[in-house]
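> Sequence:
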Amino acid sequence: MESSTSERVELPAAFEDAPIDHLVHLIADMLDRLMAHNDQIPLLPESLTRFHSRSAPSITVLDYLKRIVKFTNVEKSCLLITLHYIDQICARMPLFTLTSLTCHRFIIASITVSSKGLCDAFCTNNLYAKVGGISVTELNILEREFLSMIDWRLTCTRELLQEYYVNLVRTNSTGRYVIVGGQSPKSASPESDVEMESGLSRPPSPTDVRHPRRPRPSVHETSTILIEPVPITQEQLTRRPTIEQNMAFAALRESQEPTDKGKRG
1 MESSTSERVE LPAAFEDAPI DHLVHLIADM LDRLMAHNDQ IPLLPESLTR
51 FHSRSAPSIT VLDYLKRIVK FTNVEKSCLL ITLHYIDQIC ARMPLFTLTS
101 LTCHRFIIAS ITVSSKGLCD AFCTNNLYAK VGGISVTELN ILEREFLSMI
151 DWRLTCTREL LQEYYVNLVR TNSTGRYVIV GGQSPKSASP ESDVEMESGL
201 SRPPSPTDVR HPRRPRPSVH ETSTILIEPV PITQEQLTRR PTIEQNMAFA
251 ALRESQEPTD KGKRG
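Going by full-length UniProt numbering, the sequence shown opens with residue 1, and the numbers climb by one from there.
There are no misleading hints in this set.
The calculated DSBU-like cross-link candidates involving lysine-lysine, where the alpha carbons are at most 35 Å apart (straight line), are:
| id | residue 1 | residue 2 |
| --- | --- | --- |
| 1 | K130 | K116 |
| 2 | K130 | K70 |
| 3 | K66 | K76 |
| 4 | K66 | K130 |
| 5 | K130 | K76 |
| 6 | K116 | K76 |
| 7 | K116 | K66 |
| 8 | K70 | K116 |
Label-pair ranges, simulated between beta-carbon atoms:
| id | residue 1 | residue 2 | range |
| --- | --- | --- | --- |
| 9 | I141 | L95 | 17 to 23 Å |
| 10 | Q40 | T124 | 35 to 41 Å |
| 11 | K130 | H52 | 18 to 24 Å |
| 12 | T137 | V180 | 42 to 48 Å |
| 13 | L147 | P94 | 18 to 24 Å |
| 14 | D63 | E145 | 22 to 28 Å |
| 15 | S148 | V180 | 37 to 43 Å |
By construction, these hints were calculated from the structure, which means they are not laboratory data. Note that CB positions come from ideal geometry on N, CA and C, so glycine has one too.
Construct the complete structure from the given sequences, taking the supplied hints into account.
The following block contains the structure:
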């Protein structure tokens, strides 16, 4: 049997220098663990969103990300900022959870939005939809919903993406990955926007400006995806669902009944 040392994968200090296939594995590992946790949470009618599918897609998150990378040539910053978007939405909408029913649609919507907002070159929605396995009409709806959920806050600092990268390596379930080398000099510019990788030059938005005397909390303190999720309050659990939510919930349950009966048989 091979030793753990021989299986070790050494990664560069800066996420920009990391091979994209390793980034894909790191992100997929984290998302798989997050989904495994959230899939145990009972699905509430008021928790339903446009990102919920009737059943979990057969393709794994890892293969889904590989497919996106292969056919859309997505940039590394767009992959990593998906994690920041998850944190944004979980903070703004505590009832939203990334599960096996929502993850794939969330990913393709995130890649579509971030590529358009941060990159010089990006694909058409027709291609993103085809790669994502959904209709272009559905992707258009998801894109608008996604932008509303993140309040159109498309950017973050390069420093924050670097923190996500470091934490992905630190928390990876296989323990195979390790960052080698000294601290990258690129990280010395904490206020540089993520557009740096795509070559865009744009003044920071008001949401990027921080108080000079107030240090920004680390990912360990603010992230809802690399630490335990924020608990749902009793008030949120007892909030009455709308008629539309109840109907959607009933339709989802009805679509799952044949599968449940087959398992019981």
